[in-house]
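Start from the sequences, fold in the hints, and give me the full structure.
Going down the list, the protein sequences come from chains A and B. Heads up: take any position in the first sequence, counting from 1, add 1322, and you land on the working numbering. Heads up: take any position in the second sequence, counting from 1, add 1322, and you land on the working numbering.
No lab work stands behind these hints: they were computed from the structure.
A few chain A residues facing chain B, derived, Cβ under 10 Å:
1. ARG1360
2. SER1373
3. ARG1439
4. THR1581
5. PHE1582
6. ALA1605
7. VAL1606
8. ASP1612
9. LYS1613
10. TYR1718
Short derived list, chain A residues pointing at chain B, Cβ under 7 Å:
11. LEU1375
12. ASP1376
13. ASP1379
14. SER1424
Being a predicted model, the structure only gives us computed values, none of them experimental. Glycine included, each C-beta is placed from N, C-alpha and C at the ideal position.
Number of protein chains: 2
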Amino acid sequence: MDNVYLALDDAALAAEVDRLQADVDALAAKGLSLDMARGKPSREQVDLSRSMLDALDSGSCLEDQGQDAANYGVPDGLPSARALMASLMGVPASQVVVAGSSSLNLMFDCVAHGFVRGVRGAKPQCAQGPLRFLCPAPGYDRHFAVTEHFGFENVPVPMTPEGPDMDVVEGLVADPSVKGIWCVPKYQNPCGITYSDETVRRMAALRPAAPDFRVYWDNAYAVHNLYDEGDELLNIFDVLAGEGRDALVYEFASTSKVTFPGSGIAAVAASPADIADLKGSFAVERVCPDKMSQLMHVRSFPDVDAVRAHMARLAEVLRPRFELVERRLSEGLGETGCATWTTPRGGYFVSFEGPEGSASRIVELCRRTGVTLTGAGATWPGDDPRDSNIRIAPSYPTLEELDAALEVFCACARLVSAQLAAEARGLR
Amino acid sequence: MDNVYLALDDAALAAEVDRLQADVDALAAKGLSLDMARGKPSREQVDLSRSMLDALDSGSCLEDQGQDAANYGVPDGLPSARALMASLMGVPASQVVVAGSSSLNLMFDCVAHGFVRGVRGAKPQCAQGPLRFLCPAPGYDRHFAVTEHFGFENVPVPMTPEGPDMDVVEGLVADPSVKGIWCVPKYQNPCGITYSDETVRRMAALRPAAPDFRVYWDNAYAVHNLYDEGDELLNIFDVLAGEGRDALVYEFASTSKVTFPGSGIAAVAASPADIADLKGSFAVERVCPDKMSQLMHVRSFPDVDAVRAHMARLAEVLRPRFELVERRLSEGLGETGCATWTTPRGGYFVSFEGPEGSASRIVELCRRTGVTLTGAGATWPGDDPRDSNIRIAPSYPTLEELDAALEVFCACARLVSAQLAAEARGLR
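Take a look at the structure:
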């Protein structure tokens, strides 16, 4: 539907701005301090993982399939941990390294590998000319920060409801300075959409000009369904195998939003030749990963079914939050026609689109009204060209806090939308 | 004393070689399979840390000084973990970041910081000309591997009983392509010596030509004494403060050989300006460290005294091993005059010096006789110029295995020494 503020006559619009301002002022007077900024699980959700702390005690066997978890060695991760992460990702365990507590750190390590040592014998990227990396946007700010850190030019690629616009991607990979693309293929951050089979097939069929181009397939939300029936993501390694290709994709996953955030286990999967290549750098970086954390995880989650059963319990905590976002946004903004948003069936985020030029103003107004949001433009490499996208992260607050935060958000979004309409007419 | 084989006449020397060969053959016939290669704690020693696994269970409070260990956030590490590592290193907690399970990984990250982003606003080293790094040798192979990985030329610096030869170091840092030096200042790997006060003072007083030069002060064995009375290392940060300097040293420490090897907590300390600079890169690399591991550690080790008491128990396991090395080498080689070795009062290694040209042959002969040693030359960046140094790591085997391994080692060292004497005379 159309933006209702555009249809009002000047006097009515000016009155509406005043009325909406009064709404926001009334909310500001409450002195709220609420946070909808980060994809951080709630206390209630985290507490569901506490039983993991009973998995090991001083009397436990500290071996896993004959490997000693309590001493140096086993650089690729415990056998059971590799098997668990492999089945989460749908690849053979031999193609998986489990290391560290955060997949972001592994992604950084993989970018560093290409930059410092070079991918599969290619010249190190630090010694090549200008470097570019494709950033489907809106996307995840921490991804973009990694490639920016290494001096890459982050090139935005439009997101569609099916995934990145593959026409654009196919065009851009003809440039040999393009070395990779950031992807969150399932419950994408922040849109919440899952790449269509067609998108996965076209991604796997890419023929980049750069031999050291890799798809960074951050399957962060592989098992993070809100409903019994989750989105289905085509297994990109199966597609690659069908094409007879031995490279192209680095896939990442972690248990950070399965068990304790920040203290999970993380994994990277790649083709046999690629994983062997990555291990060359990993061997220099660390003696071995923290295998005691891995042991605690696999003792608690012996297989993927155990993970899925746990995720169903977490979904009971998350689902009402997402449903509250949908209800509140519909009630508060549905009639205004000035915004759209996504209704994901998993993951951690809702992507909000307001009128052009509204995002930074809504975020700033929310801040002054007591609600912290992800910074406007954070979902874009560089600036959001339309200044219209806001990432809503409903997982952390209690339902009551979330309700209050969404009331503020809707009031601010309405006011800014009306103000923009008024300003366009020179009324302010 | 002099090498006794050199004093034998030709016939006696040839007979001695035959006799020593027979000794080795007899040992080889035993079909041994023993490992003195890595500084890996024994099972007996690791088991002393098992009580740490009782520190947390599902009912535990998961906060530390008001910080939630069970969720994202607290990127510099839990307050108690920073305080613990700070007191181990003798620096303020505000100058410490605790992250990851391995200090080698933090060292890698710091080298990467200078290479990719640049130290304190200096041009990233990847965009500078040739790069050099100083490597006191014999030293730690994994250090050298890190700088080699980044394309640095590793420049050996002679080790003395007081630490690196500071005359040489002071000369080399006048070269602006020299960006750092690897140091293990206490119970140095592999010599086991502790830097003298004079060495520490001269290190702190360095005036390198490169503003982005840093001393990598890997205090890996800060509390790893074999005897009640340990070596004393001057606190380099105190010396720097006395000189009014706000940079120069990155110090590293971990609990990897305090608790579970590979699953400890690791820390880096630096001046306030340097640590702020490092955090700029760390923030891109990871969302936060594994704080559950940190919480487990600080609940088990609330302060340095608790760590020291624990280390005294570990020393009871390690000390007999080191004393066995000293006794076996004295008995087996003391009369031959063909070798010297160190007798450290802490740490994990004994450094052995055989005749020139003997190290690679002794290591290979040991291998064929059933004993794995650290590769000859591993203690050198590039090749050991005299091919005389071997690192002995007595911590992992049982006393019985160590005894058998040392018998093989001494027999092989004798035979190779006699063979070299014979060959020098053209007898072979």
